[in-house]
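Asks: Listed below, chain by chain, are the residues.
Protein chains: 4
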Amino acid sequence: MTAPKKVVLAYSGGLDTSVILKWLEVEYGCEVVTFTADLGQGEELEPARKKAEMLGVKPENIFIEDVREEFVRDFVFPMFRANAVYEGLYLLGTSIARPLISKRLVEIAAETGADAVAHGATGKGNDQVRFELSAYALNPEIKVIAPWREWDLSSRTRLIEFAEAHQIPIAKDKRGEAPFSVDANLLHTSSEGKVLEDPGKMAPDYVYQRTEDPLGGPDEPEYIEIGFEKGDAVSINGEAMSPATVLTRLNEHGKRHGIGRLDFVENRFVGMKSRGIYETPGGTILLEAHRGIEQITLDSGAGHLKDSLMPRYAELIYNGFWFSPEREMLQAAIDKSQEHVTGTVKLMLYKGFCRTVARWSDHSLYSEAHVTFEEDAGAYDQKDAEGFIRLNALRLKLIATRNQRVKG
Amino acid sequence: MTAPKKVVLAYSGGLDTSVILKWLEVEYGCEVVTFTADLGQGEELEPARKKAEMLGVKPENIFIEDVREEFVRDFVFPMFRANAVYEGLYLLGTSIARPLISKRLVEIAAETGADAVAHGATGKGNDQVRFELSAYALNPEIKVIAPWREWDLSSRTRLIEFAEAHQIPIAKDKRGEAPFSVDANLLHTSSEGKVLEDPGKMAPDYVYQRTEDPLGGPDEPEYIEIGFEKGDAVSINGEAMSPATVLTRLNEHGKRHGIGRLDFVENRFVGMKSRGIYETPGGTILLEAHRGIEQITLDSGAGHLKDSLMPRYAELIYNGFWFSPEREMLQAAIDKSQEHVTGTVKLMLYKGFCRTVARWSDHSLYSEAHVTFEEDAGAYDQKDAEGFIRLNALRLKLIATRNQRVKG
Amino acid sequence: MTAPKKVVLAYSGGLDTSVILKWLEVEYGCEVVTFTADLGQGEELEPARKKAEMLGVKPENIFIEDVREEFVRDFVFPMFRANAVYEGLYLLGTSIARPLISKRLVEIAAETGADAVAHGATGKGNDQVRFELSAYALNPEIKVIAPWREWDLSSRTRLIEFAEAHQIPIAKDKRGEAPFSVDANLLHTSSEGKVLEDPGKMAPDYVYQRTEDPLGGPDEPEYIEIGFEKGDAVSINGEAMSPATVLTRLNEHGKRHGIGRLDFVENRFVGMKSRGIYETPGGTILLEAHRGIEQITLDSGAGHLKDSLMPRYAELIYNGFWFSPEREMLQAAIDKSQEHVTGTVKLMLYKGFCRTVARWSDHSLYSEAHVTFEEDAGAYDQKDAEGFIRLNALRLKLIATRNQRVKG
Amino acid sequence: MTAPKKVVLAYSGGLDTSVILKWLEVEYGCEVVTFTADLGQGEELEPARKKAEMLGVKPENIFIEDVREEFVRDFVFPMFRANAVYEGLYLLGTSIARPLISKRLVEIAAETGADAVAHGATGKGNDQVRFELSAYALNPEIKVIAPWREWDLSSRTRLIEFAEAHQIPIAKDKRGEAPFSVDANLLHTSSEGKVLEDPGKMAPDYVYQRTEDPLGGPDEPEYIEIGFEKGDAVSINGEAMSPATVLTRLNEHGKRHGIGRLDFVENRFVGMKSRGIYETPGGTILLEAHRGIEQITLDSGAGHLKDSLMPRYAELIYNGFWFSPEREMLQAAIDKSQEHVTGTVKLMLYKGFCRTVARWSDHSLYSEAHVTFEEDAGAYDQKDAEGFIRLNALRLKLIATRNQRVKG
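Chains as they are written, first to last, in the working numbering: chain A, 4 to 411; chain B, 4 to 411; chain C, 4 to 411; chain D, 4 to 411.
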């Protein structure tokens, strides 16, 4: 790879990406463009602008954007249409944010004439893969720089030395190492590393930052109603709102009741296992609610096909293949299924848990006339079941007859 | 179908199956053999014996058996190895009990020279399918009689009249119709019908019978440790116990904390949707624990394959195909994966919810050396990630290049 | 079911459906509308009109239509985009024609105010299922009449007697029973029953009607080039043509070389096995060609996903679920994959076999620069493979280490 | 990686691996052990021994083995039980040989105290992946050396210079570059590269080495009968024979009739497309025959599950994951299905093509009594089909009713 001339860096304003910013200039003698996104991580963005300016980035090279609506509308919601969970439990909160960041990095590179993008993910994790696969898929000529895989600043001490040598301000609480590593966006907060590295030890309470302790939550359950249209949540308790607002509100509900905590050991794409603590308050409610509305609006053919495709879909997102033809094929199938996933779900939230307690819809396929224990006025002829069973049994009978014969 | 001469009836001792018993004699003039199983439904069996005797069944034709260990060991545990859930949420508590009952019916038919079996399931539900597919798969010549599909006693009034006309005792509380229908075994209790038929209305509190109200559960979480060997739970808090005892104890834990309640609308195999309230206290804990131990003992290749096979496996059990070649093929694959699923999981139980908080195993694949944020002493070369990503990206780059070219 | 008042009958003009026509009038006292379609079965339609008139059907109740273009464009081609084969070998020639016929029956019922449709398929086969599932999916209130499941004319003798009693003309060669049963349309001809019922005996030569004996085919191979656009064949040897024309021409090529003969035992949806002789001359060439063009225009992610979905897609079509949400979901995924399946395939046809020998496309993903054994000018860095392999191997190493440890 | 001390080299005796042998000594100063296997590639092995000796390898370090029976019994046959084809057409002839070679390399390393293995595969292909994943899976501490990824001898000229400098004899026809690259074993011969690199150009006739030109094959078809037991071929025309002998004989039959030629563009695991000419004479016959016997001995549940698992299974073998838990899980499922795949298939071989024309078995599930067009003596009640269809249609009707309602 020839040295990059102009690099768009995914910049948080924190110490690590500030060091990367300076290191790129020093190492490659290149111009740096910074991109700082509000994905709902709960931090103000203006300090990042000031810090970038202070580090010498030209004003026209500083990009700061609120992408929350795009994030929820174009990434989170399509994923939730699939009821996607990775390895049975993980709601993919980190995974789903990466393609959006890469997309903007590549777009800003095109706008600013940059030939490279850079990110601050380490060489052991999934995020590097997600950033880079997305970048290459969107611009096959782009260069990607991953300083953590390249430099010799891997110890904290050397990182601090580099920062001091280059006049990068260091917040007091950043001098020492954090007891664990955190990533956050509107969908979730993840914590991993250090004190969490032994999966046989319970995570300390202070790790949980995004949700109240369920023990301390309200002593009475709360009931909420979520409205859906074509598979996407569009209202809470009858109040229509935008995608990001829906998720923000659900986060508040979930936080209050301590909903969405997950202690999880997962298989990284790069081949190792890792343990993370995930908090996905609003997302956990949303998944439960989406399943609830599908229960009455999706038929079994569509539902079972979705269930069987889901693990692969979730794996693709986890592994970084959002911008791949196979994810788009699966999305086409999933979206096709959501045309009638419209209606309302009522959920109970209480002490760390939420569950569907009622659901109704003009698009419902539930037929009380068919299912009733009462007289059904001819909606269903019980005699039909006999033929149904006998033909479903036919092959099993033929097998049993064969097996008797060859044993006999 | 020629008339049966001798019928083995799945007999609970309740009013409905007592009426069936008599009806079979009246309708077909056949001899009736009764089979009453203790599947952990929580009822004593001796009253069923007395009632059968009173209805004139010969003593040698009364079969009463405790099949709880067989049920858990040969049906429930193999199913939990697969983490089977139907339509995302249902733990298949009713579905998994049916094949065992059919198996004993067919075996008793062989022992007693009966040419038919009979069950009390209705013509609208899944249970008729499960009973009959299993029976036919085990004995292709067996006749199956499903009185609910045949007779004219479908109204409560006529059923009671028939009972009175044939000296079948009627408990006072059975004269009127139950407000909903219940099925129970060691794994779960299901309630459906009548007051539950509108899925848009919350289930009344009195429907829940198997679990305490989470609101009234202990105010402190309880922590338990479940030991696994080759995918099956073998101990609780260090105490080894039999399969049925493990599940019984987990039920007690779950009941106390109100764990395992599910309000669910599902797709029946016969084509309609129905709404059920399921309570699976021990099973819900067991599923969470099994996932927890797999997290550290199963690698991603095996785990992801299991995840992708699970929906089909669950559907087969739900639809009644336990005794089918395809279920056995999937079981062979699943069992193969469980050879190292051995270790211990610690769970928190609290107010209706349980979750894994720690897990450890001699068979663990988790490698702190690889995953650590600290120096890893060469266990992992971060540079490997570059080639890994570049080759995973290659096809995406080729696609992007092609797409640029044909658009250009 | 209340008696139908007006029935739309799928009418071929042959003896069997003529008997059905009359039987419907006699049995139900209902008015009959006939629908006769040219699906490319190779028979003239006007005789059917005359026969219907002669049997007393009102002129406005006689519908005769050439649906070949619709058949190929909206049914055959979408299916071939999926490379659909049932049970490894069968190209679904009969299965794919049924939904179109049902669709027109239901539409004509709506136009003519009929409340029922009728077909001449037997109660043992798949076609009854395909006709009826399609009809019910398109009009849930429609009545379906399947005379072969209802009447008492199942022996040839009684059928002939009925025909004679009702002045239905009987062609001389129809008095005796045919040595086997035939279905044909533009995609294929199937033969089954009677002389073919023993799958251990070779089919007699006279069964093959649609293809020349490969032994008698040209002694020189023929080469043809098929052009594709978005997954559909649009030209042969550079000459653009309509869907039905493409298939007609490919049938001529295939017939000449004896291509597309299949002797097959399949699993019917109704539970039994049956043996059929299928001749699919043009379709066999088309499938091979479609695979050939996908080889260079589809990437592995899309291709492998398609391969994994195909068996389910084929099963749905075989079982009669063309008009189902899950087939439509799969179609959406498949169609999404075909956007760049554009280019040309060259095939060799010779003595019963065809195979791709070259393919080219502006949309090709094949990169000689990457694959070449020669110097590749930096397109591919072989060192990347090392990291790629090492990270793919990581989990396998961790497994091996674990296994050594627990055995040790 | 520290330098290896003793390396087991997969050694063919040809120029390339002889250069590798010497290069390993020069580059690493290590001792070299050679392993030369007879996989049925059609070359004598003794010249390899002499060449190794001549290059200074100690006699006790020269391992030459006939592994044909193990190859067919433990690798080829298990794979054929799955009807495995990669991307619709490729019979995996190269892929399936690699794990066996790696297994022996690792075993010989253990026997001889070697700490590394080496192979002659390039850095662009799949074989490096297959060799190395297998090696790491069997011995996680083994070092793997892939000289083609490391050295600077990539041009033919420099390779020849190195050979001359180290007294490695060069056959006259090896001075120039071969017009394409060949790999062969008992299952197939593959040819790729150079003259074959443009997939838009037909392969020259001289590329085909393993099969006669179909044009020149016998003018009369040949019929053979293959006997199967539990999914494996055990006899030809009634003569029992060992696995390797079966495949050898089928190769002779296939060669004579020009069967098994494939011109193919495939997706390599490393991300690029490549074009190969494959000749798999015996394997092509075997696949057709195995499908033929499964047609009557496997029921639809098992068969359709196998079909849906096959693409993933084939992909695993292609990508080099033979020794992975997921391949073993799938194998367990597949092997479970083969218990009754026993019987005889008759095939016609003619001019490049083979097809099943009859099959019979004591384990047959085919029931003439059920399928017959004649009177079936009550084996099947056509009325059963009505209930079967009506319940299968129920959900489709509910969908249609719903769709009408929400549009209305």
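Be aware that one or more of the hints could be misleading.
The list cannot tell twin chains apart, which means a pair is met if one copy fits it or any two copies do.
Keeping only pairs whose Cα atoms sit at most 30 Å apart, straight-line, the calculated DSSO-like set for lysine-lysine is [stated by the list, open to error]: (1) Lys25 with Lys386; (2) Lys233 with Lys175; (3) Lys8 with Lys204; (4) Lys400 with Lys386; (5) Lys177 with Lys339; (6) Lys61 with Lys339; (7) Lys410 with Lys106; (8) Lys339 with Lys106.
Since the hints were derived computationally from the structure, they do not count as laboratory data.
Asks: For every hint, state whether the structure bears it out.
Replies: The hints, checked one at a time:
1. Lys25 with Lys386: between (78 Å within a copy, 22 Å between copies)
2. Lys233 with Lys175: neither (49 Å within a copy, 50 Å between copies)
3. Lys8 with Lys204: Cα proximity of lysine 8 and lysine 204: none, with 47 Å in one copy and 41 Å across.
4. Lys400 with Lys386: both (21 Å within a copy, 18 Å between copies)
5. Lys177 with Lys339: neither (48 Å within a copy, 48 Å between copies)
6. Lys61 with Lys339: neither (46 Å within a copy, 43 Å between copies)
7. Lys410 with Lys106: between (63 Å within a copy, 19 Å between copies)
8. Lys339 with Lys106: Both: 25 Å inside a chain and 21 Å across chains, each within 30 Å.
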